[in-house]
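Construct the entire structure; sequences and hints are all you get.
2 protein chains.
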Amino acid sequence: MSGEDAPAQQQNAEEQKNQETKKPAEEPKAETKPDSPPASAATEAAAAPAAAEKAPEEEAFTYRSLVLTGYGGYDKVKLQVKKGKPALKAGEVMVRVKMCGLNFADLMARQGLYDRLPSPPVTPGMECSGIIEAVGEEVTDRKVGDKVLALSRCGMWQEVVVVPTTHTFIMPEGMSFEEAAALPVNYITAYMMLFDFGHLRPNQSVLVHMAAGGVGIAATQMCRTVKDVTVFGTASASKHEVITEGGVTHAIDYRTKDYVEEVRKISPKGLDIVLDPLGGSDTHKGYNLLKPMGKLISYGAANMLSGQKKNLIAVAKTWYHQFSVHSLSLIQGNRSVCGFHLGYLDTETELIAQAMDSILGLYRQGKVKPRIDSTFHLEQVGDAMRKMQERNNIGKIVLTTEPMKEEEKKEEAKKDDKKDDKKKDDKKKDDKKKEEGKKEEKKKEEGKKEEKKEEKKEEKKEEKKEEKKEEKKEEKKEEKKEEAKKAEN
Amino acid sequence: MSGEDAPAQQQNAEEQKNQETKKPAEEPKAETKPDSPPASAATEAAAAPAAAEKAPEEEAFTYRSLVLTGYGGYDKVKLQVKKGKPALKAGEVMVRVKMCGLNFADLMARQGLYDRLPSPPVTPGMECSGIIEAVGEEVTDRKVGDKVLALSRCGMWQEVVVVPTTHTFIMPEGMSFEEAAALPVNYITAYMMLFDFGHLRPNQSVLVHMAAGGVGIAATQMCRTVKDVTVFGTASASKHEVITEGGVTHAIDYRTKDYVEEVRKISPKGLDIVLDPLGGSDTHKGYNLLKPMGKLISYGAANMLSGQKKNLIAVAKTWYHQFSVHSLSLIQGNRSVCGFHLGYLDTETELIAQAMDSILGLYRQGKVKPRIDSTFHLEQVGDAMRKMQERNNIGKIVLTTEPMKEEEKKEEAKKDDKKDDKKKDDKKKDDKKKEEGKKEEKKKEEGKKEEKKEEKKEEKKEEKKEEKKEEKKEEKKEEKKEEAKKAEN
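Same order as they appear, the protein sequences are chains A and B.
All residue numbers for the first sequence refer to the working numbering, where the first residue is 1 and numbers rise by one.
All residue numbers for the second sequence refer to the working numbering, where the first residue is 1 and numbers rise by one.
It is possible that some hints are incorrect.
Identical chains blur together in the list; that is why a pair holds if it fits in one copy or across any two.
Claimed, not checked - Mimicking DSS-like on lysine-lysine, the simulated pairs with C-alpha atoms at most 30 Å apart in a straight line are: (1) K291 - K76; (2) K387 - K89; (3) K291 - K414; (4) K265 - K285; (5) K227 - K367; (6) K89 - K291; (7) K269 - K89.
These aren't lab readings, by the way, just hints derived from the structure by calculation.
Shown next, in the form of structure tokens:
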């Protein structure tokens with residue numbers, strides 16, 4: 001489903017919040033009028049609670065929410081109406097959301113490739129901006145009306161979110177809600193990678209993959225805050241002008257050129273820092289591009305994403321080529337290999353707060369500024385995800401909670417035929433990919449018949465690893481026993 | 001052989017320099033008088049070249065040099081007399097050496113476990129201090145008489161060394177030759193690990209293994225230059241007072257306690273930085289002690305050293321438990337794994353110079369100061385190595401090129417009986433270790449009979465890896481061919 005179909009498929013997701021009431025999941029569906037714009041309904045409910053006299057305030061409180069209903073294609077994210085005012089615990093705030101940011105992890109999550117998102121049904125989204133609507137007990141640093149940007153493990157793609165106050169940050173003067181929603185994940189990621197793991201210094205060189213993407217642009221801007229840093233940025237040719245203006249020193253079209261060769265031509269000794277969002281064989285390439293004292297920072301596996309549904313060949317290939325390194329190899333190369341993912345840092349509020357403080361400082365000085373590629377309505381989340389996955393964006397894609405206007409809807413309706421074509425296109429694309437996959441398979445089968453052997457080898461290796469782990473555990477236990485004995489003697 | 005026997009075994013090592021002369025290796029031996037102190041001979045030669053009228057100056061120039069004659073025990077490092085003035089190329093300087101530093105890499109090298117030392121016969125030693133005696137063409141930043149500390153991949157354990165001027169650094173005012181010889185390797189290692197890879201900041205926590213060793217003491221002092229850094233230091237109990245005075249916050253006796261448990265008691269969340277000179281299973285332990293955004297920095301495999309000769313069991317065990325990590329594991333843990341060894345950085349003169357500049361700055365401010373454990377004559381190099389290997393030192397062990405005085409020699413001679421006992425002890429120790437090794441082997445054989453299976457598995461795995469590498473290479477070639485075809489089209 002592409003986003004514009006969403007309202008027609010609204011479901012009341014109250015059961016997620018109040019499962020103990022044991023209402024059948026279907027029942028509340030009938031309560032929402034498919035033809036009335038749900039956001040205005042929510043607004044009415046908030047503005048005129050008297051209208052819902054018989055129901056308690058919590059019952060009358062509704063808000064629109066994007067919900068991942070199962071793993072799969074773009075249509076698995078549906079726009080639903082949630083009912084009931086979320087309860088506020090001590091230290092929490094409720095935010096009326098204006099904008100939400102889209103991240104690669106959201107695309108991975110939809111395909112079931114991101115283990116930090118709880119099982120569906122669940123609301124995705126790691127960041128948003130909005131206005132504080134209520135504060136819980138013990139909250140002293142935020143008040144109703146504060147404009148904030150917020151960060152969370154998930155659940156940000158909806159009109160109302162409840163988060164610990166420590167996960168919110170006051171928006172600087174002059175920052176738009178789009179910018180505020182675009183900033184947290186990309187800029188914290190770029191900042192911590194370059195300045196904590198990377199320890200970027202003047203005159204160094206950095207490789208930024210997907211330089212026109214959210215993290216890519218954030219990383220390029222961060223590099224520019226340090227003197228004489230050379231940025232190699234990969235992107236398709238059509239984006240080179242923009243990324244070069246944005247600070248990339250050498251733009252490389254990865255579709256037509258071997259980026260390793262291009263880098264070596266300019267920097268024969270290699271690079272100080274490689275930021276790697278791709279995984280698989282690109283991690284190996286990045287490692288081999290490092291200078292002595294160089295740092296490879298791996299922060300994703302975008303190579304796993306191919307097509308809108310989970311592509312097992314792409315996943316297996318990325319997994320199979322997954323980078324692994326021995327400490328002796330690191331010692332002999334004087335190299336560092338780091339892994340970063342903000343999704344696994346959600347409890348590190350102090351680290352996050354420190355990074356955000358520095359980033360907002362850079363924003364105030366005009367040194368960094370999120371570049372917005374486009375804004376989509378919640379109803380259009382499918383289109384938004386498609387654009388990101390097909391790498392047609394330059395900068396950040398954000399979702400706005402503002403409901404679509406009637407005329408916009410009509411226009412969208414007119415495009416329906418085209419959309420149908422698009423769907424057909426999608427199917428064609430997917431079929432083509434499947435076909436290509438099959439062809440590739442066939443070619444491999446015919447050409448070498450090695451693939452399966454390798455897989456079997458891998459399996460065997462995995463089995464052996466497991467065995468070895470068990471054995472190691474045994475050994476450790478024995479060691480401990482021996483040590484315990486020694487301690488007794 | 002322990003060091004004091006060295007003079008009796010002096011060999012002329014001229015053949016190393018002038019192999020083309022094709023003198024039999026045994027012949028020059030006779031030229032040196034075993035009963036005359038060789039250093040004074042060298043001094044005579046330098047002071048009174050007129051005495052050697054018939055020989056050209058180059059021929060009359062002799063100097064004492066420690067030479068690794070083959071891999072093995074302490075007696076493999078022999079004191080020899082080299083003949084012939086080394087030639088100076090452009091950009092090089094000749095240093096009359098005062099003191100040389102001992103490093104773990106030297107011990108590894110003697111056992112054949114360090115691939116950065118050329119094959120024997122070769123002079124070991126990575127650092128020294130002394131006075132510039134001659135400068136080559138194009139040298140403008142050094143002059144005869146300058147007091148310098150010098151750094152090189154090897155060859156520093158002798159009275160005269162020739163190095164590129166970029167490998168020398170002017171000694172700060174007030175620095176002793178002992179300190180200057182003790183500083184380069186340990187302090188550059190500690191500095192680059194903590195401040196480049198580690199990016200140490202206030203309030204962080206660091207684990208320093210072998211905290212009473214050369215790098216351990218340097219790292220502790222470096223940590224103290226940053227506000228409120230908590231240092232966990234492992235050392236045997238007898239050294240705790242000294243390392244605590246030196247800046248270790250929590251001293252842990254690794255011989256009687258599990259350091260992982262001790263760290264967790266005080267710092268349940270783990271550590272920001274782990275410096276790991278041990279390798280093997282300790283690298284795994286260090287990795288598991290890391291906080292999010294934590295860095296493990298591996299810089300050696302001291303666990304491979306057990307006994308004075310290569311202990312195959314210790315080597316195999318360390319190798320078998322060698323740490324390897326996948327990028328996805330790093331991503332999920334937000335961790336960094338780094339490898340450092342100065343021996344592989346010898347061509348990075350700029351990086352080294354930057355680090356040395358900062359370190360000498362800290363020395364001038366009184367913030368760092370090498371702690372000298374003891375000074376040995378070149379003749380005593382065996383004793384010096386033994387002390388380091390048996391971890392009986394607190395701080396740096398240095399060698400002085402000053403010849404032993406006659407009375408010292410007599411005293412040493414008196415100790416000879418004791419020395420013989422020591423030798424017997426050595427043999428006993430080695431035998432005991434062998435015995436223990438055998439017992440361990442037997443126990444394992446009897447208990448599980450798994451060890452060999454594992455080894456076989458390892459072998460198979462290695463074979464498979466090799467196969468896979470080959471296959472990958474094939475794949476890469478094919479990929480490139482395909483890409484080349486694409487580029488043509």
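Here is how each hint holds up against the structure:
no.	hint	result
1	K291 - K76	neither (44 Å within a copy, 36 Å between copies)
2	K387 - K89	neither (37 Å within a copy, 62 Å between copies)
3	K291 - K414	neither (55 Å within a copy, 54 Å between copies)
4	K265 - K285	within (15 Å within a copy, 41 Å between copies)
5	K227 - K367	both (13 Å within a copy, 29 Å between copies)
6	K89 - K291	between (50 Å within a copy, 28 Å between copies)
7	K269 - K89	between (55 Å within a copy, 26 Å between copies)
In this structure, the hints that do not hold are numbers 1, 2, 3, in rising order.
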